[in-house]
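2 protein chains.
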Amino acid sequence: MASLPFPVLTADEAAALVPHASAVGFSGFTPAGAAKIVPSALARRATALHAKGEPWRIGVLTGASTGPSLDGALAAADATAWRTPYQSNATLRKNINSGKTVYFDMHLSQIQPWLRAGFLGKIDWAIIEVCDIEPDGSVVLSTSVGATNTYARLADKVILELNAKHPAFLRGLHDIYEPADPPNRRHIPLFSVRDRIGSPLVKIDPSRIVGIVLNDAEDEVSGFDETTPVTRAIGANVAHFLAAERRAGRLPDGIPFQSGVGNIANAVIAAMAQNEEIPAFDLYSEVIQDGVINLIEQDRIPFASGTSLTVTPPVLQRIYDNWDNYKNKLVLRPQEISNSPELARRLGVIAINTALEMDIAGNVNSTHVLGRQMMNGIGGSGDFTRNAHISIFTAPSTQKDGAISTIVPFVSHTDHSEHSVQIFVTEHGVADLRGKDPTARAATIIDNCVDPQYRDLLRAYVKSCGSVHAYCNPDKAFAFHQAFAAHKDMRKAAELLL
Amino acid sequence: MASLPFPVLTADEAAALVPHASAVGFSGFTPAGAAKIVPSALARRATALHAKGEPWRIGVLTGASTGPSLDGALAAADATAWRTPYQSNATLRKNINSGKTVYFDMHLSQIQPWLRAGFLGKIDWAIIEVCDIEPDGSVVLSTSVGATNTYARLADKVILELNAKHPAFLRGLHDIYEPADPPNRRHIPLFSVRDRIGSPLVKIDPSRIVGIVLNDAEDEVSGFDETTPVTRAIGANVAHFLAAERRAGRLPDGIPFQSGVGNIANAVIAAMAQNEEIPAFDLYSEVIQDGVINLIEQDRIPFASGTSLTVTPPVLQRIYDNWDNYKNKLVLRPQEISNSPELARRLGVIAINTALEMDIAGNVNSTHVLGRQMMNGIGGSGDFTRNAHISIFTAPSTQKDGAISTIVPFVSHTDHSEHSVQIFVTEHGVADLRGKDPTARAATIIDNCVDPQYRDLLRAYVKSCGSVHAYCNPDKAFAFHQAFAAHKDMRKAAELLL
Numbered sequence: 001m002a003s004l005p006f007p008v009l010t011a012d013e014a015a016a017l018v019p020h021a022s023a024v025g026f027s028g029f030t031p032a033g034a035a036k037i038v039p040s041a042l043a044r045r046a047t048a049l050h051a052k053g054e055p056w057r058i059g060v061l062t063g064a065s066t067g068p069s070l071d072g073a074l075a076a077a078d079a080t081a082w083r084t085p086y087q088s089n090a091t092l093r094k095n096i097n098s099g100k101t102v103y104f105d106m107h108l109s110q111i112q113p114w115l116r117a118g119f120l121g122k123i124d125w126a127i128i129e130v131c132d133i134e135p136d137g138s139v140v141l142s143t144s145v146g147a148t149n150t151y152a153r154l155a156d157k158v159i160l161e162l163n164a165k166h167p168a169f170l171r172g173l174h175d176i177y178e179p180a181d182p183p184n185r186r187h188i189p190l191f192s193v194r195d196r197i198g199s200p201l202v203k204i205d206p207s208r209i210v211g212i213v214l215n216d217a218e219d220e221v222s223g224f225d226e227t228t229p230v231t232r233a234i235g236a237n238v239a240h241f242l243a244a245e246r247r248a249g250r251l252p253d254g255i256p257f258q259s260g261v262g263n264i265a266n267a268v269i270a271a272m273a274q275n276e277e278i279p280a281f282d283l284y285s286e287v288i289q290d291g292v293i294n295l296i297e298q299d300r301i302p303f304a305s306g307t308s309l310t311v312t313p314p315v316l317q318r319i320y321d322n323w324d325n326y327k328n329k330l331v332l333r334p335q336e337i338s339n340s341p342e343l344a345r346r347l348g349v350i351a352i353n354t355a356l357e358m359d360i361a362g363n364v365n366s367t368h369v370l371g372r373q374m375m376n377g378i379g380g381s382g383d384f385t386r387n388a389h390i391s392i393f394t395a396p397s398t399q400k401d402g403a404i405s406t407i408v409p410f411v412s413h414t415d416h417s418e419h420s421v422q423i424f425v426t427e428h429g430v431a432d433l434r435g436k437d438p439t440a441r442a443a444t445i446i447d448n449c450v451d452p453q454y455r456d457l458l459r460a461y462v463k464s465c466g467s468v469h470a471y472c473n474p475d476k477a478f479a480f481h482q483a484f485a486a487h488k489d490m491r492k493a494a495e496l497l498l
Numbered sequence: 001m002a003s004l005p006f007p008v009l010t011a012d013e014a015a016a017l018v019p020h021a022s023a024v025g026f027s028g029f030t031p032a033g034a035a036k037i038v039p040s041a042l043a044r045r046a047t048a049l050h051a052k053g054e055p056w057r058i059g060v061l062t063g064a065s066t067g068p069s070l071d072g073a074l075a076a077a078d079a080t081a082w083r084t085p086y087q088s089n090a091t092l093r094k095n096i097n098s099g100k101t102v103y104f105d106m107h108l109s110q111i112q113p114w115l116r117a118g119f120l121g122k123i124d125w126a127i128i129e130v131c132d133i134e135p136d137g138s139v140v141l142s143t144s145v146g147a148t149n150t151y152a153r154l155a156d157k158v159i160l161e162l163n164a165k166h167p168a169f170l171r172g173l174h175d176i177y178e179p180a181d182p183p184n185r186r187h188i189p190l191f192s193v194r195d196r197i198g199s200p201l202v203k204i205d206p207s208r209i210v211g212i213v214l215n216d217a218e219d220e221v222s223g224f225d226e227t228t229p230v231t232r233a234i235g236a237n238v239a240h241f242l243a244a245e246r247r248a249g250r251l252p253d254g255i256p257f258q259s260g261v262g263n264i265a266n267a268v269i270a271a272m273a274q275n276e277e278i279p280a281f282d283l284y285s286e287v288i289q290d291g292v293i294n295l296i297e298q299d300r301i302p303f304a305s306g307t308s309l310t311v312t313p314p315v316l317q318r319i320y321d322n323w324d325n326y327k328n329k330l331v332l333r334p335q336e337i338s339n340s341p342e343l344a345r346r347l348g349v350i351a352i353n354t355a356l357e358m359d360i361a362g363n364v365n366s367t368h369v370l371g372r373q374m375m376n377g378i379g380g381s382g383d384f385t386r387n388a389h390i391s392i393f394t395a396p397s398t399q400k401d402g403a404i405s406t407i408v409p410f411v412s413h414t415d416h417s418e419h420s421v422q423i424f425v426t427e428h429g430v431a432d433l434r435g436k437d438p439t440a441r442a443a444t445i446i447d448n449c450v451d452p453q454y455r456d457l458l459r460a461y462v463k464s465c466g467s468v469h470a471y472c473n474p475d476k477a478f479a480f481h482q483a484f485a486a487h488k489d490m491r492k493a494a495e496l497l498l
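Top to bottom, those sequences are chains A and B.
Take the numbering used here: the final residue in the first sequence is number 498, and no numbers are missing along the way.
Take the numbering used here: the final residue in the second sequence is number 498, and no numbers are missing along the way.
Careful, some of the hints might be misleading.
[Unchecked claim] Here are the simulated DSS-like cross-link-like pairs (lysine-lysine), alpha carbons at most 27 Å apart as the crow flies:
hint, chain 1, residue 1, chain 2, residue 2
1, A, 463, A, 476
2, A, 492, B, 476
3, B, 94, A, 476
4, B, 436, A, 100
5, A, 463, A, 94
6, A, 463, B, 436
7, B, 436, A, 476
[Said to hold, decoys possible] Covered stretches of chain B (in silico footprint by chain A; criterion: 3 or more residues with CB under 8 Å from a CB of chain A, positions within the stretch not fixed):
hint, segment
8, 39 to 49
9, 248 to 255
10, 312 to 321
11, 370 to 378
12, 475 to 481
The set of hints was computed from the structure by calculation and includes no laboratory data.
In this text, all values refer to a predicted model and were calculated from it rather than measured experimentally.
Glycine is no exception: its CB is placed at the ideal position from the N, C-alpha and C atoms.
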């Protein structure tokens, strides 16, 4: 450290450098590896300036969601003018849905190439967490890569948060590879989940590094809820489906799995690991969560590739305390590589993601609550779904004690069309949509996945459509949503459908 | 020919071999290269059997659409039990929409890997058009590749239609490459539109070839309509947009274009070729049409890669008469290569496809008329759209003398979500959706692309949604469709919206 040619700044000194209306790329994919103390200082600065009647709002780019110190603090200070590509903070979500913050929701694999192509304008600042710095400006990232390598390379100026919580021995956890752009792009030379194709370091032009901010703030990763009977049933149904595919010769050993984030994803991975017919499997995914670490310890997941190590602080400590056991079983890649369509299709990834809403045609809404309010964003689900060997969507069949059916006549927003979704799974069962026309898809979804109290309603909707190839009845497509708007209970759609 | 170890059959003798309930893979991607005389004989056989009260229906797999002798004849004979992955024949469409024929509409890049993975069952017969045959069973295809190489390899039995219309010197037009499947798949080693990576021949196990049927039937390719003021304006708008992107440094020279099929696509390619700011460009596309051949002759398209040479008989004759001028400027690839997501993203393809319906959020319906009746299928539009450098959708702003607005409040079927669509173009102008939230997207689409007589209606719809992030008003989302159902005129939505 003593020999580094970069000034050491306080968070407030660093924050004071960033002008109003800057476009700022922050490290972070989930709260893992997210910049923390400089964005908090930016939020304080915004609040002070706003109190004086002065404007200070910035564009915020990240890998994906972040923690309270970044999205939460900036949103509370109304300092986020625009935001891309993904978020999950409650305060920021409120600002987005009220129109205070412009939010552009995009496929996570595209943020890096789009920035290089100039589609999103220029990056003024990069503010990134690292665990080690070389005098030539090379850095070791911490618990995520996300889009950080591209922000660090494209930004005019870079502020480094050097976080002592993360040991310098993380060097080697990251595999930094940035493709050339068309027409000079070559193939991504990755043929197995375990391949390393790049550098352990992000190389930053040292003349752009304006300062280092020292800290030891923990990743703001919270745990997930315990599994429930519903999530365990969903997990078991996924595992049974996969075991049956394997018996039928349609699931070759050695192809990796991608799994979304959250309680259901955790339950699914756990159920797969418990199923004796499913051999140990590698992950080629975005986010490596606590549950995956447990399965690495049990040798059920020999290797996990992701773009973030999103584990709770005690689990992270366990990893660091036993680094020799983990260092050859984990790799973090830039999100354009972890989520690459080229690689998802080459590796034959089995994609397992959670739906907000599904319909009887096989379409999936991952983003918009009742079609109107943004939840988090599409994230990587589109990157994987569209290119997977098999794409599976999971959801509980109902929400809010049965007042919401997750499966509706017609989704209120489509993120993944019926062409790109093969398998629906709820706690009631599995609908295999491959090779089926809309009539057969609706029947198998209703019979196998829908909650029994909604089955006749959906059958009545199908009947209301008359003789058609696909079920769009403009008078009744949103009967469930109308019933919920009027009565807070989709079961009241009976009045409209029966 | 004399030395070939395969029996020569009449079309009727060949047709007599194919049992009821077979799954049959036919050559053909558009009518180009489609099997013709055996499917016609199959249809005659079906009609005769049906007259006797005996069942005879088969599953029909192809590359994409075909001609009247295949889809038309089999549909007229009610001989198509099920069909995938794409069609455009009027009689077959009627059978699909009335429920007589089960139709599974899928991304064209996925049919070959899905067959190898076993997701669509087994292929019993392959019936394919060729222009030359070797004694070892190797064949030279004719004017398309499509999925033929995979059908020929997987089918239990193969019938070859040897068509004298196509000269044996086509050897070399085709570049047959079939990837290994996960977990053993490598990269597709193609780095330029002009690369050749495979064999000029399709190798067929000679023990599976049950016979050769001789014929000289022409490809049943019909021409397209002349351009109109509307299609010319759409073309000019696309060309202006591309020229502006190039001036802004966002469109590197040397990246190829993909263009859909039809009148608008022809007008767009012609307008691009006429624009002096746009340098000559290669095509990395599905279908090579008459218009492309004209531009090859003018050196505006130096090279075209596709999976079918869908040109009218006089143009095909011109190509054959001047083969030395063309043989190094054309290549036909299997559709899993022409439409490969890996390659679309690597090459940075600019995708230009035609929408049936678009909405103010940026979603595109490519398939379902009013959400209910199947038009043709998604084809390759999803393969390219989702992975393109820039994805453009074009459409006339209205249809049926203004009674239908192509741009509606909410699409009645989503094939391409707002996450995967960047540019809308109508005859009125261009909406650039990149980096915009739903509010800004709706405004730019309404102001730039919508027909003036529908703009206030769409603004009224937006207002009806209240304070939301995205515009799904379950009471009014389908106001345009309801007005059309009631009055055959979407303008009557004024009663519901104003």
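Item checked: Unmet hints by their number, sorted upward, for this structure -> 5, 6, 7, 8, 10
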